[in-house]
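Trainee: Take these sequences, add in the hints, and give me the full structure.
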Amino acid sequence: MKMNVNILKLSALCLALPLTANATQNDLVEQGKYLAKLGDCTACHTIDEGQANGGGLPFTTPFGIVYSTNISSNKEFGIGHYSLEDFTDAMRGGVAPKGNLYPAMPYTSYHLLTDQDIEALYRYFMSTKPVKQENRDNDLMFPTNIRMGLKAWNLVNHDSKVFEADADKSEKWNRGSYIVNGLGHCGECHTPRDAMFAMDQSRHFEGELIGGALASNITPKELNRQGWTKQDLDDVLRKGYSRKGTVFAGMYPVVFHSFSHLTNDDMSAVTSYLLDNDGEITAKSDTFNGHDKSDPGYDLYKGYCAGCHGIDGEGKPNVSPALIANATIDKAVPINTLSVMLNGVEEQRYSYTHGFYAMPSYRDTLSVKQLTELTNYIRKVWTKQPSDLTESQVQEWVDQIEDSIADAAH
Amino acid sequence: MSIISLSINNKAIGPIETSDDVMMIEFLHEHLNMTGTKFGCGVGVCHACTVIIDNQDGTSESVRTCINGVSRFNGKKIRTVEGHAKANEFGEIIKLSPVQETFIENFSFQCGWCTSGFVNETTVLVERLKLMPIRVSEIETVIEKALGDHVCRCTGYVKYYKAVKELILSTEGLTRP
Numbered sequence: 001m002k003m004n005v006n007i008l009k010l011s012a013l014c015l016a017l018p019l020t021a022n023a024t025q026n027d028l029v030e031q032g033k034y035l036a037k038l039g040d041c042t043a044c045h046t047i048d049e050g051q052a053n054g055g056g057l058p059f060t061t062p063f064g065i066v067y068s069t070n071i072s073s074n075k076e077f078g079i080g081h082y083s084l085e086d087f088t089d090a091m092r093g094g095v096a097p098k099g100n101l102y103p104a105m106p107y108t109s110y111h112l113l114t115d116q117d118i119e120a121l122y123r124y125f126m127s128t129k130p131v132k133q134e135n136r137d138n139d140l141m142f143p144t145n146i147r148m149g150l151k152a153w154n155l156v157n158h159d160s161k162v163f164e165a166d167a168d169k170s171e172k173w174n175r176g177s178y179i180v181n182g183l184g185h186c187g188e189c190h191t192p193r194d195a196m197f198a199m200d201q202s203r204h205f206e207g208e209l210i211g212g213a214l215a216s217n218i219t220p221k222e223l224n225r226q227g228w229t230k231q232d233l234d235d236v237l238r239k240g241y242s243r244k245g246t247v248f249a250g251m252y253p254v255v256f257h258s259f260s261h262l263t264n265d266d267m268s269a270v271t272s273y274l275l276d277n278d279g280e281i282t283a284k285s286d287t288f289n290g291h292d293k294s295d296p297g298y299d300l301y302k303g304y305c306a307g308c309h310g311i312d313g314e315g316k317p318n319v320s321p322a323l324i325a326n327a328t329i330d331k332a333v334p335i336n337t338l339s340v341m342l343n344g345v346e347e348q349r350y351s352y353t354h355g356f357y358a359m360p361s362y363r364d365t366l367s368v369k370q371l372t373e374l375t376n377y378i379r380k381v382w383t384k385q386p387s388d389l390t391e392s393q394v395q396e397w398v399d400q401i402e403d404s405i406a407d408a409a410h
Numbered sequence: 001m002s003i004i005s006l007s008i009n010n011k012a013i014g015p016i017e018t019s020d021d022v023m024m025i026e027f028l029h030e031h032l033n034m035t036g037t038k039f040g041c042g043v044g045v046c047h048a049c050t051v052i053i054d055n056q057d058g059t060s061e062s063v064r065t066c067i068n069g070v071s072r073f074n075g076k077k078i079r080t081v082e083g084h085a086k087a088n089e090f091g092e093i094i095k096l097s098p099v100q101e102t103f104i105e106n107f108s109f110q111c112g113w114c115t116s117g118f119v120n121e122t123t124v125l126v127e128r129l130k131l132m133p134i135r136v137s138e139i140e141t142v143i144e145k146a147l148g149d150h151v152c153r154c155t156g157y158v159k160y161y162k163a164v165k166e167l168i169l170s171t172e173g174l175t176r177p
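Taken in sequence, the protein lines are chains A and Z.
Per UniProt numbering, the very first residue in the first sequence carries number 1; after that it's consecutive.
Per UniProt numbering, the very first residue in the second sequence carries number 1; after that it's consecutive.
Since the hints were made in silico from the structure, they are not lab data.
You may find that some hints are simply not true.
To give a feel for the contact side, a few chain Z residues facing chain A, derived at Cβ under 10 Å [claimed, not checked]: (1) P15; (2) I16; (3) S19; (4) C41.
Just so we're clear, the structure is a prediction, and the values are computed from it rather than from any experiment.
Heads up, the beta-carbon is just placed ideally off N, CA and C, and yes, glycines get one too.
Mentor: Below is the structure:
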């Protein structure tokens, strides 16, 4: 009888084993699916008219165009033939079976991932729909078109070590750091590049001009100076808009495809890390210094901006963000203020009931003199920033913005 | 408060005192009783409220009046839909502009709310083409680019675009070989 019980137990175990293995496998795939969203893989590896993960999106670099590749489970065109080891090498060292990857694929951030997370991502990608879409050849100038050169670049610029927790910081902060610096790969845009086009870690998160807009300074020092609360950051990363303004340019797809999917715990970790503060933060009082009707910028503001942003900068729900407490205008360098005036902002829609209308471009309407007066006025009324920018300074920033757009277009 | 002076349809207006937060559409309607310019979305999307600013260099441009404050128009020379047709000494309309005529001939509009915006935008387009004629092969692209942002809730786009195309082709000097 006892033996029968044991046999029964063993039978049950035998039945249970595959089920447990399946459950673990499914769990890993689900975890990988979530992590793929965190890593924003879709934004780069899916083109508008293409299938998910089929690749083909062009990336303009100073050396030419790099196309994202097919990362679906297709064995011929995608990564279906990769072993877990191949996948790990690609994620951590930027080395794929066909050779070195260009650092447009942010292995320079992904190397921080744990083995378990890499395996989860691998299991997920192996479970994706195989997409029969051929990869496009890159269009890079000599000698950057020779992949061997990347070995030397990696040798000098890349350290493939896994994330190491900071023992002086909380578990939450470390989780945030792991997400933001690893899969989130925020530093790829927000950290200035050095002469070798690698992230200059001595200026970690201090901001960089890309495609005509400044990927903002997101150091804890600057975010705290601007008066971001954890809720503000949660709002702007999850919904794209907050009391501190809206995201625009390249940050919109990041919110749409990636950060809006974060769990509450992970978002809390991210905001704790970015603000370097595990506790709650009380909102500072908003800056509104009142209008100065004798300033030439006052008429410009009334004429061009107040229709949407409100005469006192209060904004309109679902139309335009408020200027009161707006972090875009509360920056030492007004590149983004000038950028939106010159280029406008495309419509942003987050759901059927939430969104912002497009802002028109004033490139052909406002002179540099008017841009200067308007920028100074906006800073004077809604920030504590100095409002003594000169026309030549503004002209220089306008040139930088135009150059940055030209770089992105060629 | 702001003091506003400008020229509308070749008539000097002002100085008039207005509140600081008045948009141009409101100024036209409430201060001047000029209601031909229509208020649509109120957020610069539908373009129904478009008027024309005549620049000093002889060019003209279209501007939305629902999102632009009256101070943007201070000292400017502007045209509204009321300024296109010719009137006699009694104020009676005796001749429509070619743009207005072509829209009527093509039965372009239905409810007419968007029409003043289309009339003004097309007028600006025609004036631009007089200065910079286009190839015939480019007509449709140019029309779509110029009028593409104008919303017609009655969906009269085909008839509007057809009318503008006819007008461009039948007006000397707007196209080149």
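Trainee: Are the hints correct? Go through all of them and say.
Mentor: Each hint, compared with the structure:
no. : hint : verdict
1   : P15  : violated, 15 Å
2   : I16  : violated, 15 Å
3   : S19  : holds, 9 Å
4   : C41  : holds, 9 Å
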